[in-house]
Amino acid sequence: MKELLDRAVQYKSIAVVGLAKNTGKTVTVNCLLDGLSNRGLTVGLTSTGRDGEKADVLTDLPKPPVVLPRGAVVATAGGCLGQGTARLEILASLDISNPLGEIVLARVREPGTAEISGPERTRDVQAAIDALLDWSDLVLIDGALDRIAASAPAVTEAAILATGAVLSYDLERVVESTVFSARKLLLPASVRLTPQGAGLLAAGRSGVQSRDGTVKPLPMATLIDGPVELLDYLDAQWSCLLVGGALTNELARLLAAAAQRIPGLEVVVRDGTRIFADIRQWQELERNGVSVTAAAPINLLGVSVNPVGKHGRRIPGAALVEAIAKMLPGVLVVDPLA
Amino acid sequence: MNFIDDASAERIGLTRIRQRLQPLSPYGRLLKSRMPVFLPGCEELVRAEWALVHGVLAARALEPAAVDAVEMRLRSLKDIRGIVRKAREGLVLEDVELFAVKRFLQLTEQLAQLLAPADWLPRRLQLPDLSRLREALAAGSNSGFYIGDSCAANLAALRREQRRLKDRLAEMRKRSRQEIEALTGRTFNHQGRLRVNKLEGELLAKVAGLPQLVLAAETFSEAEFALKPSAEMLALEEHIGRLETDISALEQQVRQKLSREVAVAGPRLLAACRRLGRIDLLLAKARLAGETGWCLPRLTGDNCIRLAEFTNPVIGEHLAAQGLSFQPLSLELGRTPVTVITGANMGGKSVTLKSVGLAVAMAQLGLLVPAREFEFSLRAFIYYSLQGEDADRGLSTFGAEIQALAAWLPHKNRHGLYLLDEPARGTNPWEGSALVRAILHWLAGGNSLTLAATHFPGVAGMPGVTHLQVAGLSAADLQTVLARGAGGTEALRNLMDYSLVPGTGAVPRDALKIAAFLGLEPEVLALAEKELGRKPWKELRE
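Those protein sequence lines, which keep their order, are chains A and B. The working numbering puts the first residue of the first sequence at 1, with every later residue one more than the last. The working numbering puts the first residue of the second sequence at 1, with every later residue one more than the last.
Incorrect hints may appear among the rest.
Claimed, not checked - Here are the computed lysine to aspartate or glutamate pairs in the EDC-like style, where the Cα-Cα straight-line distance is at most 16 Å:
| hint | chain 1 | residue 1 | chain 2 | residue 2 |
| --- | --- | --- | --- | --- |
| 1 | B | LYS78 | A | ASP95 |
| 2 | B | LYS78 | A | ASP134 |
| 3 | B | LYS166 | A | GLU110 |
| 4 | B | LYS78 | B | GLU89 |
What the hints assert, rightly or not - Computed beta-carbon distance windows for the label pairs:
| hint | chain 1 | residue 1 | chain 2 | residue 2 | range |
| --- | --- | --- | --- | --- | --- |
| 5 | A | ALA203 | B | MET35 | 44 to 50 Å |
| 6 | A | ALA189 | B | ALA69 | 42 to 48 Å |
| 7 | A | GLY71 | B | MET172 | 21 to 27 Å |
Calculated directly from the structure, the hints in this document are not laboratory data. Backbone N, C-alpha and C define an ideal beta-carbon position, used for all residues, glycine too.
Starting from the given sequences, assemble the full structure and let the hints guide the process.
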């Protein structure tokens with residue numbers, strides 16, 4: 001954990017995203033909150049959507065509450081204040097709302113537990129981070145299930161991935177899906193992408209880029225269903241596909257099948273969180289020599305591991321940490337409760 | 001009967017003007033949605049309103065920074081009326097609601113200070129004194145909201161005691177853990193658990209034998225132990241819990257007290273909301289006047305409308321987008337109750353009708369009017385004749401027009417304004433012309449003002465009707481243009497003189513010239529000329 005803290009203090013904003021519910025994300029956040037404030041930092045905290053309830057809304061499993069140290073600042077919906085034991089001073093209200101009310105900034109006057117329910121849209125998360133940074137040294141984002149988008153580099157400087165036995169009691173399978181998720185986040189930056197192409201992607205649009213750097217937007221409304229007409233726009237010259245939306249199974253299947261005809265095919269996504277293809281389709285792409293890159297690479301600080309699965313069963317923590325670390329050189333893998 | 005119906009408002013451009021009127025606060029927006037129309041009898045009120053807007057404009061010119069500062073704060077205002085209502089119903093407000101009230105008070109105080117030197121602001125719009133509530137909410141946090149120690153007697157002592165006990169409990173736990181860590185050589189994790197691998201049999205036996213520990217979780221390979229609280233720790237925990245109940249109760253009492261204060265200040269808070277809305281809307285009116293240009297309208301006892309150099313802000317906006325500008329419009333209505341405009345197609349007759357309606361509507365909403373001068377008497381209503389079919393109700397162009405007229409014509413004695421844009425053009429010219437003459441004759445007997453545009457012969461020359469004509473294209477212009485050949489609408493716009501001149505009662509015959517200008521087949525035009533029994537087209541061209 002100390003090493004993770006050493007890395008964390010180098011950033012202004014860090015997203016903690018779970019591969020699933022009950023991957024120990026809240027424990028990781030608590031360890032970071034505690035460790036960072038013990039180092040004298042004022043920590044800011046928000047979540048993407050609702051988090052910090054006593055029991056998981058979906059599975060009804062008990063969840064550890066977020067424990068806020070004195071002086072920390074949170075961005076949470078007004079409707080959540082007073083749900084925990086922490087006593088909060090409301091500092092300001094942001095012009096952002098979620099279903100639980102308007103998001104306010106509040107400072108912890110008496111430490112204790114709290115329910116945090118932050119903004120839901122990526123743009124609002126960005127605004128909340130900016131506001132929190134006015135009052136704190138470093139901001140943590142607790143990312144909720146399927147809201148991995150908030151780990152996008154457009155929003156935070158770095159990300160921590162939480163994984164664990166909740167995915168499977170088979171250690172190999174936990175390792176496999178964790179490593180696959182981490183590799184998606186770790187996609188290399190595209191070398192070929194031109195500023196014009198990057199602009200197209202930033203606008204959420206798709207296009208093709210030629211070897212000499214010319215960019216052509218695509219007329220299709222979407223690529224998610226892997227439309228076969230897409231192949232009319234790709235050849236040895238126009239071999240760089242810019243995907244403004246999601247890289248889905250359907251699209252991956254189409255590209256893998258056509259890769260032979262398009263030497264040097266490169267697929268550029270906005271960032272690693274935009275890949276929704278599963279591990280099999282992903283491997284298919286790799287096997288066919290298609291390189292997948294990102295316009296904005298994500299800075300993956302580390303992976304936190306929760307060896308406890310549902311119903312309290314666990315798989316060997318140390319072995320899990322070791323197996324994931326071996327597959328992800330350079331990425332710090334920790335069990336915060338070891 | 002409304003002052004103006006939606007269709008007429010849309011046609012004269014009033015809908016667009018309302019869109020461009022942009023208050024900054026929820027209160028201003030609310031007031032805008034209920035913006036009153038100053039009807040006949042409200043002469044003093046509307047004069048006062050124009051004077052206020054004028055005052056804001058003067059202040060803006062003198063001290064733009066001060067007005068900016070006011071506008072910035074108006075933009076930050078949130079709607080607290082729901083919170084005030086909740087408090088007045090006797091409910092206890094939550095922290096976030098008390099914060100919203102406090103923030104409102106801060107902004108209101110700043111606005112009151114900024115507006116204090118404003119000589120345009122009448123006394124009745126000055127913001128009420130809310131200092132008592134402000135003081136009540138001040139304790140605990142400077143600009144935020146917190147139930148501070150000083151908010152209730154004993155609160156500080158209870159919190160201090162709880163903090164002391166919590167520290168003591170934490171210290172006891174820490175000491176116990178340190179003892180066990182020294183005994184076992186293992187450390188507790190962040191959740192206060194001590195993990196032992198079952199393969200370490202000796203250690204496991206030792207740990208399991210420690211009376212301070214209790215087995216918390218177990219798997220086939222590991223066991224997790226937690227600190228077993230001592231009797232003293234349990235007593236401390238219970239004490240802390242009791243204090244928590246007391247503290248929460250005290251805090252709730254504070255919220256209750258503050259909520260009552262909000263309820264007591266309720267009428268003044270709501271008055272502040274209303275006045276802020278008024279001020280906001282006045283500023284918005286002044287901003288709009290700044291954008292469109294303005295004059296202070298003048299009211300007259302005569303039944304008339306005198307417009308000098310009106311620049312239609314809605315049509316002007318469209319023209320500006322094309323790099324063109326609006327030729328200012330001047331005219332006078334009221335010498336006779338009915339005025340008829342004739343003139344070339346594309347000569348701006350509709351624009352004239354719309355402009356008169358818009359100028360009157362803007363003034364009666366308390367807006368300044370973008371003209372050099374504007375003098376009129378307040379109208380009870382504005383009606384712009386409906387054109388175009390209403391397929392939803394199964395009505396043809398003519399049907400829809402007549403149905404609307406049937407509803408409005410009986411109001412001719414209510415000091416309204418009828419704007420009839422080529423009435424009855426959807427039917428045959430013989431009956432149409434007769435119908436228009438009859439309608440105008442009917443309206444000429446009332447006290448409303450009517451402005452009608454028509455191409456029908458025999459209307460402009462009616463007795464008791466004032467005739468205005470669009471100057472249109474001069475003979476010289478026409479020669480130049482025709483020599484050059486067919487042009488486009490843009491060239492036509494450049495040459496067209498849209499100003500109104502007194503008419504002779506006859507309908508000008510410009511339609512064929514305009515058609516030629518717009519490039520209609522010369523052969524067709526020649527045939528048309530023949531039909532009229534006039535000189536052939538070619539000769540005219542030479």
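Hint by hint, work out which the structure violates, then give me just those numbers in ascending order.
The structure conflicts with hints 2, 4, 5, although it agrees with all the remaining ones.
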